Amino acid sequence: MTLRRSRTGRPGLLGMIVSQLRRRRSRALALGAGTIVAATSFTLLTTAVSTSQARTVGVVQDNVRSAYDVLVRPKGSETQLEQSRDLVQANFLSGIYGGISLGQYQAIKKMAGVQIAAPVANIGYVTVQSHVRLDVSRYLRPGAEGQALRVRTTISTGTQAVPGSDAYLYFSRTPIGTVDHVDNLPFPGLQAQKAGKSTYYVCWYYNSDRSEIPINGDGSPRKPLDLPEDLREWSPFNPDINATLTCRSGSETGYVDLPVSYPVLLAAIDPDQENRLVGLDRAAVAGRALRESDKPVWKTPRDASYYYDVPTVLSSRALTAGRVDGTVEQLDVGDPAALAKNLGGVHAHTFLNGLHGTPVGSVTANLDDGFPARGSLKARVDTDESWTTGPVRYSSSDGVLHPVLKPPQSKELWRTRSEQQFIPAVPEENKGTQFRTVTPHPGTVCVGLHDVCIEQDYGRLPPPLLDVVGRYDPDRLPGFSALTAVPMETYRPPSVVGADAATRKALHDAPLRPDRNLGAYLSAPPTLLTGLDSLTAVIKSRHTPDVQDTAPISAIRIRVAGVTGVDAVSRARVSAVAGEISRAYPGLQVDLTVGSSPAPQKVALPGGLTVREEWTAKGVALHILKAVDRKSEILFVLVLVVCGLFLSQAALASVRSRRTEIGTLRCLGWSGGEVMRLVVGELVVIGAVSGTVGTALAYGLGAGLGMGHAGPRSVLVLPVALLLTVVAGLLPAWKATRLGPLDAVNPPVSATGRAAAVRSVRGLAWCNLRRTPGRTALGAAGIALGVAAFTVLLALTLGFRGQVAGSLLGNAVVAQARSADYISVALSLLLGAAGAVDVLVLSQRERAADLAVLRATGWSDRELARLSLCEGALLALMGGLAGAVVGLATVLPLGAGMLAGRLPALTGAALLATAAGVVLVCAALTVPIRSMSHRAPVQVLAEE
Amino acid sequence: MRVTLREVTRRYPGLTALDAVDLTVGDGTSVALTGASGAGKSTVLHLAGGMDRPDEGTVEIDGEELTARRLDAHRRVTGFVFQRFHLLPALTALDNVLAPVLPRRVDFDRRDRGMEMLAAVGLADRAQALPSELSGGQRQRVAIARALVSRPALLLADEPTGNLDSATGRGIVDLLMNLREQFGMTMLLATHDAEVAASCDRIVRLQDGRIVADDAVEPAADALDRLGGYRP
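Protein chains in written order, with the working numbering: chain A, 706 to 1649; chain B, 883 to 1114.
These are calculated hints, taken from the structure and not from any lab test.
Note that the coordinates shown come from a computational prediction; the quantities given were computed from them, not determined experimentally.
Some clues are possibly wrong.
Stated by the list, open to error - For the chain A half of the interface with chain B, some residues (derived, Cβ under 8 Å), not all of them:
no., residue
1, Leu1082
2, Glu1338
3, Ser1465
4, Leu1469
5, Asp1555
6, Ala1561
7, Trp1564
8, Ser1565
9, Ala1570
Unchecked claim - Estimated spans, in silico, between C-beta atoms of each pair:
no., chain 1, residue 1, chain 2, residue 2, range
10, A, Leu1608, B, Asn1045, 57 to 63 Å
11, A, Gly1349, B, Asp944, 35 to 41 Å
12, A, Ser1636, B, Leu897, 20 to 26 Å
To be verified - Sample of chain A residues lacking proximity to chain B, with all beta carbon distances greater than 12 Å (derived):
no., residue
13, Gly1062
14, Gly1468
15, Asp1566
Glycine included, C-beta positions come from ideal geometry on N, C-alpha and C.
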């Protein structure tokens, strides 16, 4: 070996370094390989972290714009549950009727920064009267002179089926005509059939009830005949009360008309603001959209009471679910010739209801079919009565919400104040389970004059006429990102689907929809809209004033000017507006909904149904961005620590393996400083070379794994490798300078624990580990590092998911971050295993002479391999268990909230990682073992 | 055990350690290999002990060629004593002695055999000492006990006294000779020391990888007779 001479004639330090690296090639290679792995991993991991972070921020920013940024509700409208979970209930609007005054709204609308302030004032449910036609022609017997069919109906909704009213068809070959007068009394459109010399009013008796019978001034019934019998139980829910008879004749089709009333929620909006918020005007499908100029018009007809004509727009669909299923029976009518007489008399009910029927088939129809047709502006809206509903309240257990049930409805809810009769065709579904309190608002009994009632209900207003000026299709309203949807209950019912297979089956794989039960779990959204200017005309037509008289607005949805996402400026703008509203009106509930995302909640409904309902988690985007930032910061630190420790181990092991050599140099008069320079010099050369290789490797791997940021980052590998190698080697280099000359002679063997005799290969492996604690600790630290890093990373990932998941946006973020998370976790474990193997390989080299001696004394390669593997496995097991403990201890402070219920899984994963570490180490050790077996023992001993 | 080297050549990069060496060591005899450093003494031992392979020629054990497949088995019946002892630092003296038989089944009690061997080298009382707690001579005694623990048929000793002072070295040689006689082993011993070499039956002198002298050692009594010395 020729060393370059320095000026003093001694071999130069650089020459010594180069010589060392050449002659101790495998040692240099082991450290170099470690440096390459660490530096490349550092680059790839940090790239993966930042790529994942950038993608996450991208997902959040791309989806952050929701329909509105701030939601203002009356105080007390936020439930305790919403407050505790930072949520907005899916059907929050359906339980709020007033609470914000028009003055407050106008002031909020004018506040700086408010771009759109769209109010919604729920007024109450009114009924649209209509009917559903069921065609039963195919069940008519051809040629029969007179026949009757009965259709027994059932109303089915998503969760219940209730008996509906019976419907009858009288079909005669003899024509049935109409008359408008009987004995000079007006009976417009009265159906009459001649039989012999008599005329029978065949449908009148059955379809009349007491309330509709014209009464003479003396209390006796007016013509056409006597008072029809009243055999019915006096209840709005008696299926018989709404039973109807349809009379048809000749070649006409046979059908029955089933009276149906649709409760529609009447709400007032500001047309201009609503158009700007959701483009309501673009959703018009018939007539026209509401205009800012639409106002109630006072009508003074000559032959009727005065009233306000209120312009409204009606939804094109009822938005309530329900189906009518009918069983058709052919009735045994006896003598067909007597049928007209029996139906046209006072005992029509007894007669018809008592007829025996033979089922002959079935008919079915959607309740929606009876809702005024999409293009029609004719809708009979009854405003004599209206109803408001309370919110649904919940209890919560095991993460499942349980709505609190209310008592069954009282039949008095449906009695009109004006005539003390029940309103017609009360929806049968109201007999079902009640989740809301239903409050009736009887209308005034009023004689309108000079804009107000002048007798009863003095000062109030007469019931208005709701004039449908247009129809709108809620489906035409523009969508916003599904990930950041905020409650749009103004137009759509909440999305509720089965949460388990049984529920989905029960719901026929369809979402649960509101029905006509006012106290149902789901309420239909407003489907009848009017302008704010009509509020007074409608609300003051109620007999009893309430909060809606003075503060009719239920909620205000606000868009803030200049908001582009969840960046700091946008957040500040939203906060400023929300803060100003809160300061101006402390009595109002102000929620920031910018960056919100649907957060599915499980709700247990009666009957064993569990549904998933999309509530809205507030501030999800901000929460996610904070969590991502935090996760990225921790990951960076973790990656730095793992790579730094990994290199420290490698450098320490490298220096340890040179113990004898350093001792010799010290014996030869080398100072501590000179030894330090030699060691650090070698590290610099190794760091530079491996850094260069690592640059190419990181670039290639980054490009291969599709990491966009890897290219620029790969140039960082060289300085990172150099820095990490030198910094990591400083401590062991310094320790090397502390080594006394005699330390080189005495191997670093501990004399402790000699009690146990060595009688097996396993025992010898254990003994070797025990008596060389430094070397053992170093090797175990590698795998401990890997397992601890794996555990922390996994906990971090799970914790991040726990923090972020639960909302649609969070779930999307978790899904896109998954691969990067897995790469990080796998790389950390591999890095740990590589560290352990690196140390073990160096350790094997250090102990090469020992193994050569054993070989010289007759140990076979297989026996030596057993010894090495045994040591490696024990080392990895000790390190892995220590790493698991350290990792778990590190993540425990993350708290139960973040890791809720995941600790056992995490412990299991840490133990699995330990097992994986053992396997990896044993597998990796086969390489040096094989190489060792190829070398003659004397060669090894000669080198020593 | 009879060891025969036929036309054995062993080369290392830039050096021919042995050059067509023929050497036979008879069963139960002892041969001392002498010569300057680099003459090839250790190489002969390594080849005879199956720790190295010749580049040319053959090594025969009891007339059979020592092939690669037989190396492990051959090493099990060969004891080796190194100049630098090469004790395993983590093991006690007793465990070091037992190291060769540790990985396999044996038909004797290990501990008893180990203690017997330590007693034979006079170190029964240091059985639990670590190598670092022993003197150089004691370490070499432990190494000798380790070499003999499996009752080898061939004992190879490479400068066994090279790291010891002369008095200690003398004691080690006496011990080796006594044990060889006691166990009836064939022995090859490499040494610089003429006095140590004279303890063997034959002295083979190597120079630059070749045998330059092969002389039988005259027993001391015969030498006295030849010189006309006193005989009682």
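Subject >> Evaluation of the interface hint that places tryptophan 1564 (chain A) against chain B, nearest CB under 8 Å >> reply: holds, 6 Å
**OP:** Using Cβ atoms only, decide whether leucine 1469 (chain A) comes closer than 8 Å to chain B, and label the hint accordingly.
**Re:** Because about 6 Å separates leucine 1469 (chain A) from the closest Cβ in chain B, which is inside the 8 Å limit, the hint holds.
Original post:
At the C-beta level, are serine 1636 (chain A) and leucine 897 (chain B) separated by a distance inside 20 to 26 Å?
Top reply: holds, 24 Å
Subject >> Outcome for the supplied range 57 to 63 Å, where the beta carbon pair is leucine 1608 (chain A) and asparagine 1045 (chain B) >> reply: holds, 59 Å
Original post:
Does the interface hint hold: is aspartate 1555 (chain A) within less than 8 Å of chain B, judged Cβ to Cβ?
Top reply: holds, 5 Å
Original post:
Once the closest CB in chain B is found, is it more than 12 Å from aspartate 1566 (chain A)?
Top reply: violated, 8 Å
Subject >> Interface hint compliance - leucine 1082 (chain A) to chain B, C-beta minimum distance less than 8 Å >> reply: Violated, about 99 Å.
**OP:** Using 8 Å as the Cβ threshold, decide whether alanine 1570 (chain A) counts as touching chain B.
**Re:** Where the cut-off is 8 Å and the nearest Cβ of chain B is about 11 Å from alanine 1570 (chain A), the hint is violated.
Subject >> Status of the hint placing glutamate 1338 (chain A) at chain B (closest C-beta pair under 8 Å) >> reply: Hint on glutamate 1338 (chain A): violated, closest Cβ of chain B at ~44 Å, above 8 Å.
**OP:** Please confirm whether glycine 1468 (chain A) is truly not at the interface, meaning its C-beta sits more than 12 Å away from all C-beta atoms of chain B.
**Re:** At about 8 Å from chain B, glycine 1468 (chain A) fails to clear the 12 Å cut-off, so the statement is violated.
Original post:
If you check the beta carbons of glycine 1349 (chain A) and aspartate 944 (chain B), does the distance land in 35 to 41 Å?
Top reply: violated, 60 Å
Original post:
Should the hint that serine 1465 (chain A) touches chain B count as held when the rule is a Cβ pair under 8 Å?
Top reply: With Cβ-Cβ at 7 Å, under 8 Å, it holds.
Checked against the numbered hints given earlier, this structure breaks hints 1, 2, 9, 11, 14 and 15; the rest are met.
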